[in-house]
Amino acid sequence: MKIVVPIKRVVDYNVKVRPLGDQSDVDLNNVKMSMNPFCEIAIEEAVRLKEAGTATEVIAVTVGKKDSQEQLRTALALGADRAILIECEELLEPLSIAKVLSKVIEEEDPKLVILGKQAIDGDNNQTGQMLAALLNFAQATFASKVIIEDDVAVVTREIDGGLQTIKIKLPAIVTTDLRLNEPRYASLPNIMKAKKKELDIRPIEDLEIDVSSRTELLSVELPPERQAGIKVESVEELLNKLKTEAKVIS
Amino acid sequence: MSILVIAEHDNSNLKPATLNTVAAASEISPLVHLLVAGNSCQSVTDECSAVEGVEKVLLADDVAYENQLAESIANLIKSVSSDYTHILAPATTFGKNILPRLSALLDVQQISEIIEIISEDTFKRPIYAGSCIATVKSNDSIKVITVRATAFDPVNTSGGSATVDSISAEGVSDLSSFVGEEIAKTDRPELTAASIVISGGRGMQSGDNFHLLETIADKLGAAVGASRAAVDAGFVPNDYQVGQTGKIVAPDLYIAVGISGAIQHLAGMKDSKVIVAINKDEDAPIFQVADYGLVADLFDALPELSEKL
Ligand SMILES: Cc1cc2nc3c(=O)[nH]c(=O)nc-3n(C[C@H](O)[C@H](O)[C@H](O)COP(=O)(O)OP(=O)(O)OC[C@H]3O[C@@H](n4cnc5c(N)ncnc54)[C@H](O)[C@@H]3O)c2cc1C
Ligand SMILES: Nc1ncnc2c1ncn2[C@@H]1O[C@H](COP(=O)(O)O)[C@@H](O)[C@H]1O
Chain R
2 MKIVVPIKRV VDYNVKVRPL GDQSDVDLNN VKMSMNPFCE IAIEEAVRLK EAGTATEVIA
62 VTVGKKDSQE QLRTALALGA DRAILIECEE LLEPLSIAKV LSKVIEEEDP KLVILGKQAI
122 DGDNNQTGQM LAALLNFAQA TFASKVIIED DVAVVTREID GGLQTIKIKL PAIVTTDLRL
182 NEPRYASLPN IMKAKKKELD IRPIEDLEID VSSRTELLSV ELPPERQAGI KVESVEELLN
242 KLKTEAKVIS
Chain V
116 MSILVIAEHD NSNLKPATLN TVAAASEISP LVHLLVAGNS CQSVTDECSA VEGVEKVLLA
176 DDVAYENQLA ESIANLIKSV SSDYTHILAP ATTFGKNILP RLSALLDVQQ ISEIIEIISE
236 DTFKRPIYAG SCIATVKSND SIKVITVRAT AFDPVNTSGG SATVDSISAE GVSDLSSFVG
296 EEIAKTDRPE LTAASIVISG GRGMQSGDNF HLLETIADKL GAAVGASRAA VDAGFVPNDY
356 QVGQTGKIVA PDLYIAVGIS GAIQHLAGMK DSKVIVAINK DEDAPIFQVA DYGLVADLFD
416 ALPELSEKL
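Protein chains in written order, with the working numbering: chain R, 2 to 251; chain V, 116 to 424.
Here chain V stands alone, though its shape is the one from the complex:
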């Protein structure tokens, strides 16, 4: 029973969610292979072969995979799929884009965003914004699965000594092409990998006021997140959104500021170890999940918090 995990990377570095996905794969079988599809991505391949628990790295190094467009990558994965019983990818925008396409090419019903492995064919996954947890059994011969990173502790980045097999480009498609990207650059930790996250909601009133959160984030080494309302209002970019249809985070400490606690927001943060809520409305639903609630005006509380840190 060999399992293929699709590595997420930017041609220079492996993305951490891959490590959580390898962890999930290792619960099913010790025979875990990583597929790296990219362009001039030797450094990623080196990282991958050192990852704990990885037996083999498949490397498809070709300009066609520079931007990892779904059409070409899905065809590539399909070309090696017959060697595997399971194909896994992180449930990030990368994995969510590619895996269902692969799944249909293989005539398989994908299992999305699993949070627990019961057996090689049975998995738990949240449905209805995490209001319920479903246990689902797959009867397909190949299991195609996306993995919620926060539900599995990452494997180590070292300790492995996988062999590397080069594979050639297969089924390169010209249906789509890359035009450009705007990737936010920040010195703060990545939202999904940070051990502390401080998020702002509509209560922040403006993008400028997010500075109040940023100063605190910098003192704590935290990442900054937001509710949908704050993103929709243009206070912060889309990649700040935490929730059912944004990012899923589970840091040691999550601080929600001026966020009411709608179920769609809770879906993205309620597995955090410790939750703090700062809100001026004592009846805000966020207090029902908060370990520590502070009923206060954020414009008083944040400067004071920053000063005392």
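Excised from the complex, chain R in its bound form:
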């Protein structure tokens, strides 16, 4: 069973992002970039399925600029067998990314595609579901447990009220939630080995897909700031303030 894992290069989760001076976009100059944390979980799940003998090959794919190779190398160091970069200088919208990914998946013909539930830059939470629609695949989003049984997967999903378990026919799309697994760190020998693994770079134009934008980013601004509050000295004083000043408890 082949597994494809689409990953995204994003601003590291520790960075506090700010708008550019002219508010035309966010300021990404000289900020630390990493693999999207939910994609690390996706890679980890695929690699564990391979280690368990369920999967035969794990392929990491990204749609992005040349420098996204860095994250693909990380994926290879974490255990992916090969990687594909669909090179594109612009940042695409989720619908376009899903269209590009669907082409790659048609070519690769995997049984399972594991994505992150959300990229922590745009916080869109769309690509996996869109990809499932374009391929007419079943989808299991926000997965916290995945069990493969022949031609189906049984997936437990984190939903607002608790947990839901569904059965999906393969090939299918799974998107990862935080509790699916705890990703490993890449070891030095594996980082060295990853340098020799196959990383195929293809210009996006070769896929002949219309990836023009449907939306326009008009501006990016800071959210309204909260007024700094005060420190209280005791539980007594806290209760007093909540009753008489804030009037939120009686």
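Hint data in this document are derived by calculation from the structure and do not stem from the laboratory.
Taking CB as the label site, the calculated pair distances span:
1) V:158 with R:231: 43 to 49 Å
2) R:192 with V:305: 44 to 50 Å
3) V:301 with R:192: 45 to 51 Å
Please read all numbers here as calculations on a predicted model, not as lab measurements.
No residue lacks a Cβ here, since even glycine has one placed at the ideal position from N, Cα and C.
For this one, chain R is given, so just place chain V with the ligands on it according to the hints.
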């Protein structure tokens, strides 16, 4: 300009986030329709037709929609989509699961989790865990949108008198099937609907210690939430998580106990009216957003707070 809002429900009751979504829709147009897809969901339909500002309810009552699996529901919505300029759903795990699938079926770029409507095609939404707010214009002919419930005051549950049109099941899919669910039962209010929320973090040290928060919650009529660290450590179930990738809450009062205040946590609670932080580290970032900060050991402060309430 008619707008379709996808009702979230459990076949017996309408979920409150639907009311906030109707409120957002009503800002765009007075012609708001609600789609109820479910099984034996007459009581939900009754609730929906009474909702303020709803003109028509579309009811697809069929066993195929019992568990609202994405494949079938997205196909159903697509079958009625040509009558609408906008299709909205709450940005809950329900809406987030279904709407992007619909969006791709319609060849539309969805706008996720809007917090403000500037015009019928322009919206504000948080990006990068709420560090920035983007203003985005959609050029698609149908706008597919998820709505952050806390950003819109809910419409009333009564006052409406919508007509009900039954529609037949369309595009039922057998790609997925329901196996089971574990829905937490609690007598406390729902996290996203509560007017007071008290949340615990890693500082709570164990699931047992959450009793300290629960006694206070019960005295205040509050819901109990948690940071990711507390959920990951297994102190409480996943549906307690507040934050960028958990639930978004904006109660009148949010009490953060033993939570450091990482940006991913703040993303889920910083629009609360009043924020209280109890933390033993006076430099914890949570104090920068707290209206009232108490530097104390939670194991001293919580019993005292409970006693004095
Ligand atoms: C992709 C991604 C998504 C994420 N999504 C979320 C999310 O949705 N929600 C979320 O919450 N986090 C999320 N996080 C995690 C986030 O970055 C933080 O790691 C997390 O919020 C920390 O939880 P915490 O504050 O409970 O733990 P810590 O940061 O460890 O803080 C514990 C706090 O407890 C205090 N404390 C300890 N003992 C006591 C005591 N006895 N009395 C009083 N105070 C005490 C300490 O001083 C400390 O400030 C996400 C991270 C990533 C990478
Ligand atoms: N440019 C991209 N290339 C490959 N995969 C992507 C890309 N953007 C998003 N994804 C995948 O889609 C998931 C959800 O992203 P999003 O829909 O943007 O929140 C990510 O975790 C990735 O698995």
